[in-house]
Amino acid sequence: MEATIASDSTGTSWSGGNNNPLGSSYGKMMMWFFILSDALTFSGFLGAYGLMRFKFIESWPIADEVFTHFPFLHGVHAPMYYVALMTFVLIFSSVTMVLAVDAGHQMKKGKVTFYMFLTIIGGLIFLGSQAWEWKNFIGGSYGAVQLNDGKIVQFVDASGHQIELEKFVVSSHSERTQHTKDKGVWFVSESSLPPFSVEEVMAGFKANPDVSIRLEKIDPATKTKTIVPRAEAMSYLNETKAVVKGANLHVNEYGKTLFADFFFFITGFHGFHVFSGVIINIIIFFNVIIGTYERRGHYEMVEKVGLYWHFVDLVWVFVFTFFYLV
Amino acid sequence: MAAHAQEHKSHTGLIWKVFGILSVITIVEVILGIMKPEALHLTKILGTSPLNIIFLVLTLVKAYYITWFFMHMADESKSLRRAVVWTAVFLIIYLATLLLIEGSYINEVLSPLVKWSY
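Just so you know, the sequences run in chain order A and B. Letter 292 of the first sequence, counting from 1, is numbered 292 in the working numbering, and no numbers are missing. Letter 116 of the second sequence, counting from 1, is numbered 116 in the working numbering, and no numbers are missing.
Calculated from the structure, these hints are not laboratory results.
List time: in silico PhoX-like cross-link candidates among lysine-lysine, alpha-carbon distance up to 20 Å:
(1) LYS36/B to LYS225/A
(2) LYS135/A to LYS256/A
(3) LYS115/B to LYS225/A
(4) LYS111/A to LYS9/B
(5) LYS241/A to LYS256/A
Being a predicted model, the structure only gives us computed values, none of them experimental.
All chains, please: the whole structure from these sequences, using the hints.
Now the structure itself:
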């Protein structure tokens, strides 16, 4: 039994003797190297995001104008608050995780159970928050039009603030319905229709003399999007191809589609890590309850899933910085 | 099974202290991100705004505290610590530097060709 069961975190879980390379148990070292490779994967994604952002540095969407929602504060411009809350949830679940590891070192089963439970709850809250963030991003806030060359043009009022399409466009109740497979040829489908047609937006724009447009281009002096005077606006709007509401992998009302692609991919990949972290935490949680680690004589397994959980938090710190702050 | 009698003393004080530090840093980041003081946001230093530099430094400080105290890197042997941390730091800086230089170059070539007036 001595040779096969680790008796502490630097125990004899390497087979073939009592040597512990780098002073670490097998499982813990492998977890560290898995984390290292995963960190490089995330760096690759964030690096690619940086490459594309530098490529389009003068027209990249401004995060403060994209993520402005907060629960129960409908219509209130609240940049950053929600993502800051998500960050706190994740940091706090990291704290309860490390408290569980600490209690494990002292072989306090009850405390480990309690803190593991809190960690799982924190992870679930974070996942729910991320789903809500995605919902808002996909649903969009103002609506915009896309020009023939793919550029996005947004609408602003006289004070230069963005306004919703609903504020100046009147729907004319056209007969156009969404094409679904049961209405026509079975191999053709289309995504949900935008709220207004191009003609309706044009008519609404002409009928409201206060409305003007805003380009993706950032004015370097003020770091805000360029507003085009109304007199010149029509030369842009004559190029209109489509009305856009919300964001998906093909089009993004806030600007560059690449921004949406990277947002979905990187936060999605991170969210998938959180999800698998929660699953692993649940498994270990039940193992703690049935006394597996009490019998084994140590709680190293809690420590190893703890490493993974902290890593997920660590990645979020970087995602937070590069998507929301910088 | 005689070995697990060693005493582990609790580190809860340290854990809450680190939580306090991480919280304060996050709050500072959020306040700066919302206020965006013009002196930091619209000026330029080392190729970007001082605000971005502050965010980057604060992020690295947070990463340090999470790795060292939550992941207990401080208690691992020096060899394991270096094998993981130095590898990551070197490769990430290398990749980021190349990609960002390449991105700026593409921007230099591309942006004069983008039409903004119709």
